[in-house]
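Protein chains: 2
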Amino acid sequence: MINSRLAVAIHIMILIASNPRETVSSEWMAGSVNTNPVVVRRIMGMLRKAGLLTSRAGKTGAALTKDPADITLLDIFRAVEPKEELFAIHEKPNPECAVGKNIQSALDVTFGRAQTAMEQELSSQTLKDVMNHLL
Amino acid sequence: MINSRLAVAIHIMILIASNPRETVSSEWMAGSVNTNPVVVRRIMGMLRKAGLLTSRAGKTGAALTKDPADITLLDIFRAVEPKEELFAIHEKPNPECAVGKNIQSALDVTFGRAQTAMEQELSSQTLKDVMNHLL
DNA sequence: ACCATTTGTTCTTATTTTAGTTACACTTAA
DNA sequence: TTAAGTGTAACTAAAATAAGAACAAATGGT
Numbered sequence: 091m092i093n094s095r096l097a098v099a100i101h102i103m104i105l106i107a108s109n110p111r112e113t114v115s116s117e118w119m120a121g122s123v124n125t126n127p128v129v130v131r132r133i134m135g136m137l138r139k140a141g142l143l144t145s146r147a148g149k150t151g152a153a154l155t156k157d158p159a160d161i162t163l164l165d166i167f168r169a170v171e172p173k174e175e176l177f178a179i180h181e182k183p184n185p186e187c188a189v190g191k192n193i194q195s196a197l198d199v200t201f202g203r204a205q206t207a208m209e210q211e212l213s214s215q216t217l218k219d220v221m222n223h224l225l
Numbered sequence: 091m092i093n094s095r096l097a098v099a100i101h102i103m104i105l106i107a108s109n110p111r112e113t114v115s116s117e118w119m120a121g122s123v124n125t126n127p128v129v130v131r132r133i134m135g136m137l138r139k140a141g142l143l144t145s146r147a148g149k150t151g152a153a154l155t156k157d158p159a160d161i162t163l164l165d166i167f168r169a170v171e172p173k174e175e176l177f178a179i180h181e182k183p184n185p186e187c188a189v190g191k192n193i194q195s196a197l198d199v200t201f202g203r204a205q206t207a208m209e210q211e212l213s214s215q216t217l218k219d220v221m222n223h224l225l
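Note that the protein sequences, when read in sequence, are chains A and B.
Read the first sequence against my numbering and you will find it ends at 225, with the numbers running on by one and no gaps.
Read the second sequence against my numbering and you will find it ends at 225, with the numbers running on by one and no gaps.
Incorrect hints may have been included.
For identical chains, the list gives no copy identity; a pair is met inside one copy or between any two copies.
Simulated pairs of lysine-lysine, PhoX-like, Cα-Cα distance not exceeding 25 Å [stated by the list, open to error]:
| # | residue 1 | residue 2 |
| --- | --- | --- |
| 1 | Lys182 | Lys139 |
| 2 | Lys139 | Lys149 |
| 3 | Lys218 | Lys191 |
| 4 | Lys139 | Lys191 |
| 5 | Lys149 | Lys173 |
| 6 | Lys139 | Lys173 |
| 7 | Lys191 | Lys149 |
| 8 | Lys149 | Lys182 |
| 9 | Lys139 | Lys218 |
Honestly, the hints are just simulated from the structure, not real lab data.
Using the sequences and the hints given, assemble the complete structure.
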């Protein structure tokens with residue numbers, strides 16, 4: 091199973107998008123997510139590096155850099171998931187064996203397709219779409 | 091990132107399918123995968139429970155229960171992945187908050203679509219397809 | 001100018017997952 | 001009967017994840 095950072099990141103992005111006037115502090119967001127403010131700020135840091143939001147030391151709150159309709163879930167996923175590959179592949183299969191020698195490149199193709207299918211679906215859903223589901 | 095059990099399981103299934111005459115021991119398979127024989131037998135146990143192969147205590151080797159063309163990668167994935175959900179969701183978001191109250195069901199829908207897209211792609215690829223990539 | 005508040009960041013800790021390994025009972029086949 | 005192999009349980013090690021402590025730096029109100 092994949093970690094919950096994407097879930098938390100989406101939650102944070104929605105909180106910011108839902109309160110464009112007010113300033114939402116990391117502590118307040120942590121209360122909504124039910125976690126520690128540091129966890130929120132850490133994930134905010136990843137979203138900031140990815141250019142999805144802005145925030146400044148000392149200044150309460152954060153703001154999205156784009157309209158929620160222009161932010162896809164794939165944007166958020168890539169921001170909080172450092173790993174390129176979705177599926178792990180076992181290391182150093184035996185090159186003396188016909189199967190072991192070629193299995194990795196075969197799995198690269200196979201797993202790549204599955205990952206692409208998932209990412210394509212994530213890229214078809216925007217932050218706004220998720221917000222509409224909250225109603 | 092998802093664990094490497096699917097990769098190892100596919101490797102094992104291919105080794106068995108590729109040697110229908112000979113009996114491939116867990117030790118020999120472990121040599122091809124580059125892991126411990128117990129790891130191979132553990133994953134074989136999951137594949138056996140899922141009805142994808144047969145093997146017996148004391149008797150060397152194993153056999154697939156179906157033609158490789160009739161075994162999808164989704165069959166194998168489900169056999170070695172006990173978790174139902176692909177993406178984790180954070181526990182107990184604040185029900186006092188409009189976002190926290192509804193985020194889980196919204197993410198269920200969202201993540202469910204991504205998972206379905208991935209599984210659909212896995213179900214479109216058979217063990218035989220992967221074997222063809224080894225040539 | 002001061003000070004309470006908040007962010008950004010580093011470091012530490014606890015928990016869980018994964019993979020590897022040891023050990024051993026039981027089954028099979030020579 | 002015995003050597004070899006499977007099926008499992010138990011243990012260990014390593015890695016990933018999440019939570020939290022601590023603090024410097026920045027901000028904004030007074």
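Verification of the supplied hints:
1. In the homo-oligomer, the alpha carbons of Lys182 and Lys139 never lie at most 25 Å apart, since the shortest distance is 34 Å inside one protomer and 28 Å across protomers.
2. Only within a single protomer do Lys139 and Lys149 lie at most 25 Å apart by alpha-carbon distance; the minimum there is 17 Å, versus 56 Å between protomers.
3. For the homomeric pair Lys218 and Lys191, the shortest alpha-carbon distance between copies (17 Å) is at most 25 Å, but the shortest distance inside one copy (46 Å) is not.
4. For a Cα distance limit of 25 Å, the shortest separation of Lys139 from Lys191 qualifies neither inside one copy, at 39 Å, nor across copies, at 29 Å.
5. In this homomeric assembly, Lys149 and Lys173 never come within 25 Å of each other (Cα to Cα): the closest approach is 31 Å inside a single copy and 41 Å across copies.
6. In this assembly of identical chains, Lys139 and Lys173 lie within 25 Å of each other by CA distance solely inside one copy; the values are 16 Å within and 31 Å between copies.
7. Taking identical chains as interchangeable, the C-alpha atoms of Lys191 and Lys149 are never at most 25 Å apart, the minima being 55 Å within one chain and 27 Å between chains.
8. For the identical chains of this complex, Lys149 and Lys182 are neighbours neither inside a copy (49 Å) nor across copies (28 Å), given an alpha-carbon limit of 25 Å.
9. Taking identical chains as interchangeable, the C-alpha atoms of Lys139 and Lys218 lie at most 25 Å apart only when both belong to the same chain, with a minimum of 21 Å there against 43 Å between chains.
The structure fails hints 1, 4, 5, 7 and 8 (numbered hints given earlier, in ascending order).
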